[in-house]
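Letter by letter, the chains look like this.
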Amino acid sequence: MLEPLIKIAVLLGGLMTAAAYFVLLERWIAAWVQDRLGPNRVGVPLTRIRLFGLGQPMADGGKFILKEEFMPAHVDKRLFLLAPISILAAALAVFAVIPFGSVLPASVYTLFGQDAATVASTEGPVPLVVAPGVDVGLLYVFALSSIAVYGVIVGGWASNNKYSFLGGLRSSAQLISYELPLGLAILSVVLASGSMNLDEIVHRQADSGVWFIFTQPLGFVVFVIAAFAEAARLPFDLPECEQELIGGYHTEYTGMKLLLFLVAEFLHMITAAFLIVLLFLGGWHIWGLAGPDEQVTWVGAVGRLIVLHLKVTGVIVFFMVVRWSWPRFRFDQLMALAWKVMLPLGMINLVAVAIFEELSLALQSQLGGWTLAISLLGSWLVCLGAWFGVAYATPMIGDNRVRKDIHTYEVDPQI
Amino acid sequence: MAIVLIDGQEIEIGDDERLNGIQVAARAGVEVPHYCWHPGLSVVASCRMCLVETGKRDADSGEISMLPKLVPGCQTPARDGTVFVTDSEKVRQARAMVEEDLLIRHPVDCPICDKAGECHLQDYHFEHGRPERRADIKPFHSRRRELGETVTLFVDRCVMCTRCVRFTREVSGDAELMVVHRGAHEEIDVFPGFPLENKLSGNVVDLCPVGALGDLDFLYSQRVWFMKQHASVCAGCSTGCSIQVEENQDRIHRLKPRENPHVNQWWMCDEGRYGWKYVHDNARCLAPQQKTEGAWQPLDWSDAPAVLHAALSGENCSPENSPPKNSNPKKRRLAAVLSPFLTVEEAYLLATYIRQYDENAVLALGRIPQAGADESFPNGFTIRAEKCPNRRGVEMLLSALTGDVLSWESFLEQAAETPFDAVWITGGYPPVNGNDGAGEDVASEEEKSLATELPAGLASSTLIVQDLFDSALWRQADIQLPSAAFVERSGSFVNAGNRLQSFEWAIRPPAGVMTEGQLYWRLLDRDGLYNARRVLEDVAREHIAFAAASGEIPATGRDLLLNQLV
Amino acid sequence: MTNQPAKTETPAGQRVLSDAIVAEIKAYFPRYPTLQAVTLPALHVVNAHLRHVPLQAVVEIAELLELAPAQIQDTLSFYGFFKQDAPHGETRAWVCRSVSCALRGGEEIFAYMCQKAGIEPGQTTDDGKLTLEFGECLGACEFAPCMLAGDTLHKNLTEESAGKFLQSPTG
Amino acid sequence: MQATDPDIQWVEPPKLGLGERMYLPLFLQGLTTTTKHLVSAKVTVSYPDQEPEIDNPLIYRGVHRLNRDEQGRVKCVACFLCATACPAHCIDILGVESPWEDREKYPESFTIDELRCIFCGMCEQACPVDAIELTSLYNLTGRSREEMIFDKEKLLSVYDATKDKEPMKSAQLPPVTTPSTATPSTATSTSPTEGGA
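So the sequence lines, in the order shown, correspond to chains F, U, Z and V.
Position one of the first sequence corresponds to residue 92 (the numbering used here), numbered consecutively onward.
Position one of the second sequence corresponds to residue 23 (the numbering used here), numbered consecutively onward.
Position one of the third sequence corresponds to residue 10 (the numbering used here), numbered consecutively onward.
Position one of the fourth sequence corresponds to residue 21 (the numbering used here), numbered consecutively onward.
Chain F extracted, bound-state conformation (with noise of 0.2 Å):
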């Protein structure tokens, strides 16, 4: 009863203590892009120690709290307090299923390898993950992140503000669409691996030692934007963007409220980032760190451990400089790439990828050790040709002026 206790206390201290240094770690890049030092005076307060502007994260936490707590007359008063403790929930609670780790031997003696007493023991190593064995975990996560949408909705409308609305209505919009071609990618995946469990789906790669980046470089992509859209990061920041929707759905909070979402935005990211680890990147696998979970000893524990969070540390790194990359996407755009571009992706990704499941199995025995390699080469050649067809036949309407042989209905020039 202990043990999923103590992890729950570690996830969420560390997942927020991450959330507040990835606003640091964001701020410093964005400082980078353009050429500035970023947040650098915070340090220890009281001292003219600096470290870096290490204290900015809770210079500005301590900001977040005393600010007012300001409830504006119009607001749908439970609503809006409802709004960001759903979405943070939501956000949090992925977290259940999704390995921050490997495993932890079972015993502390197990320093460098094993010892008999360990072997005999019926108590097997510790998975690091509040909810072990959870068979539905990518199902699960599926489920929750949706409901996330639920929060920025119920924002967008319990402000009462046609920005705010707006924003909401993107947002649901936007997660809809791009939850086809991430669930195509996901499922091409579970496919491969034959499980939803992700620890199962880790193991999968980490045992063979290739990762499915490397099987199914067209599923990666189309994840990897998708989750993108899905997380509401540049450049599909369209439920917020700053410049049009002065902050979208939660332009009408402040103070701890403001806090709960941001902290939940950058919870997705997170999720996200530990999805692309663990589906397409290996999660905590690099070559010489595999093997069962029962014999890994302190060393492999802690060095899986490091791996995982160098590589999701990694993706996010490359969330933030997207984001300094690439303009916002216009939001007709944005749905053309969801529907025409990424739907077909994915779905050649899915075919292909049942193809040569299907193939190897069957041609394992004849070819052997080449099984890999055809496959390999054949999966790179439906992603570099599928990428080139549908480039090539998507239909790019970048003129959206009335057309005359289409009938549209008078609009009011008042409107």
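Hints are computed from structural coordinates only; laboratory data are not their basis.
There could be a bad hint or two in this list.
DSBU-like cross-link-like pairs, simulated, lysine-lysine; straight-line CA separation at most 30 Å [what the hints assert, rightly or not]:
id : chain 1 : residue 1 : chain 2 : residue 2
1  : Z       : Lys138    : Z       : Lys164
2  : Z       : Lys125    : Z       : Lys138
3  : V       : Lys185    : V       : Lys172
4  : U       : Lys250    : V       : Lys172
5  : V       : Lys62     : F       : Lys154
6  : Z       : Lys173    : Z       : Lys92
7  : U       : Lys250    : U       : Lys299
8  : V       : Lys183    : U       : Lys160
9  : U       : Lys91     : U       : Lys78
10 : Z       : Lys125    : Z       : Lys92
11 : Z       : Lys138    : Z       : Lys92
12 : V       : Lys35     : F       : Lys431
13 : Z       : Lys138    : Z       : Lys173
14 : F       : Lys154    : F       : Lys253
15 : U       : Lys160    : V       : Lys172
Place chains U, Z and V on chain F using the hints.
This is chains U, Z and V only, laid out in the frame that chain F set:
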């Protein structure tokens, strides 16, 4: 029909029209630059800016023969077959040369010149002058001398168009201005001991096409491009000159005449020109007040309808309930005095409001301020002795409503016989001790006595007084309502010549003051904001005397006796 | 910077036009269609009697002609002939400085005369006898350099003849 | 506004090539740019620790000053051209007749709301007598809004404080002449473009 050719464009003019080249060109939409020519003055053709090519088209053959030399457009009459060319290279060169010549001796101190922004020298130089300067001119300060109490002369800025000299000789008739040392050293001046001090002196500043003549009242008070112009009507006397109010941020800076051939031509008198100062007087009444148990209580405008209802009908009603209309169970005797400073619309609205309570309410014409006698000038411009703008309008309205016009004096007599229960007196008179700009006290004896004591007969009535300034009436009132000055109102005045001119407000009234029209509009429970146009339509529909006032009123006003048998 | 003109009433006692002058001016009235046309004759009459046209005289002429003083002054100031500040001498002499006379030493003669009389060009001698002025072409180029003194034309001026003239300047 | 409004100018969208449709080349291009900047040298000046270097104080747009003429009087002639040019409407002038012989008009009061000012320098460009100038003083601070409204005395004191370090930008401005000397000089010595002030 005579046909004149302007730059190849055929313009038809009437047979009895006497037009010169500049006027005909203006009809064709072609502007011929000019300094010395002014439609209200004689032609001297001295500035040479309006030089054009001219010629004649033979009526039979259609052949055009041109004069070899340029002629001044202002001096060339347009007849049938006359040809003007205003855009040839020759004409352009002539204009550039004139501009260059004028600027050689000009101080170019535009930054400190009040005329900058409305200066013909600037405009024409920009449009017709040489793009580059050939002479080595350095800016210098113009010599300056005062011509009189109102006008100052910046000697070196002058282009010697002599418009001002001709004005004093032909329009005002006093001929104070002259050109001394005619020739290369000519200057405008007054004869020593005979300064420019006629009652139209301010007009020479408007006439001056450059910054040579400065209005001492306006001097340096504002740059012209900061001011906004509003067409209005002068309330100084019953001539009702068409004027232009120039204001910036609700502060009047100057009044200028507006061309109106039926009323004031191009001119206005100094009395009107400088007579607006009381609008910004600190002594103006600014807050509505109500006397309760002998003490003054501030009255909120939103409570005013209920309070006025109580005062007129004699019955109380809470401010929450809107006062019931047409309820006057006690049959009180009411009267309203319609000031000659009210617009036609306001007078009509007030009369309508009072008659809701007492259909036989006595309506009287307010006191008519008089000063001296009518004063006419050689060209027909008249300054009237009646120092109010709308006596005719109120009179016509009164005779339409009651059949005859009850004067202020008769009203006071009537009040002395049988006192009224409530009297609504409107004012709007400029301050009693105001001066006409020349320092003279224009207050009559009657005005002075009114300022100190209340006429008998009004003492026992409930008095509602609406006025601009403190007076005995104002102090004795039971309800004091501040009034708006003429530039703050919208409506129409009917001048002594029965010409109705409509105008819109130019500045907003000071904080706390509600204009008469707005107040009456609200008292009558009409929808929206006060709309003088709609009220005038009502008046024109209901009263035959105002029938001519329906439809759009032109900027120059409309003669109410038009098409009427008088 | 500013000189505010003050309106001054003309004291009746200080009138400068004698009855004789007024009568002489009035004699011109029938000869012209309008009173304004008498302006120049009137100025000449006054100048002939007073040897200048003071401002007060302008005011009085204006009264006579029913005009404003400014209108008289306007005309007067055009002519360099009329002096206003002080009367010119009994004899008024114009030495020509136009081309012909200048070429034949008119300016030198003039300078000589001024120096001899002890006055500046345009000034009157202390005894009030003579005023020396530049004149533009007198139309007597064949006698250059020449001088008009009063109504007399002095031809072919030399230092000698000029000196003689200065001793007894008569017009 | 309706889509059929004739005032709308329709712009043809650019035709996307295959590379643009594939997103990848442009994506890499953007990523290259950001990555390059991520590691490049930073331009930030840590202000209180580190004083900024002003390359050319003559073109720096800092706090305003009102210049004085040779006699120590305010140079301004109250022509309002700065107030006219000012896009922020932060200059307020009250012009009156000057008490001096050689000047017609001068500012009785001259105030600049430094909080409203956007330091565009248009007042400096508009001034015909080079009376208003922007100095290189950048550390403009105050404790109240009132303190940041600079009146004539304060603006003149800015001149007194900065005149040694920053000479007037047009010290060679020809002196304003009086009418007697204003007759055009004999030779066309100066080219038309530099004639006058």
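Structure versus earlier hints - violations, ascending order: none
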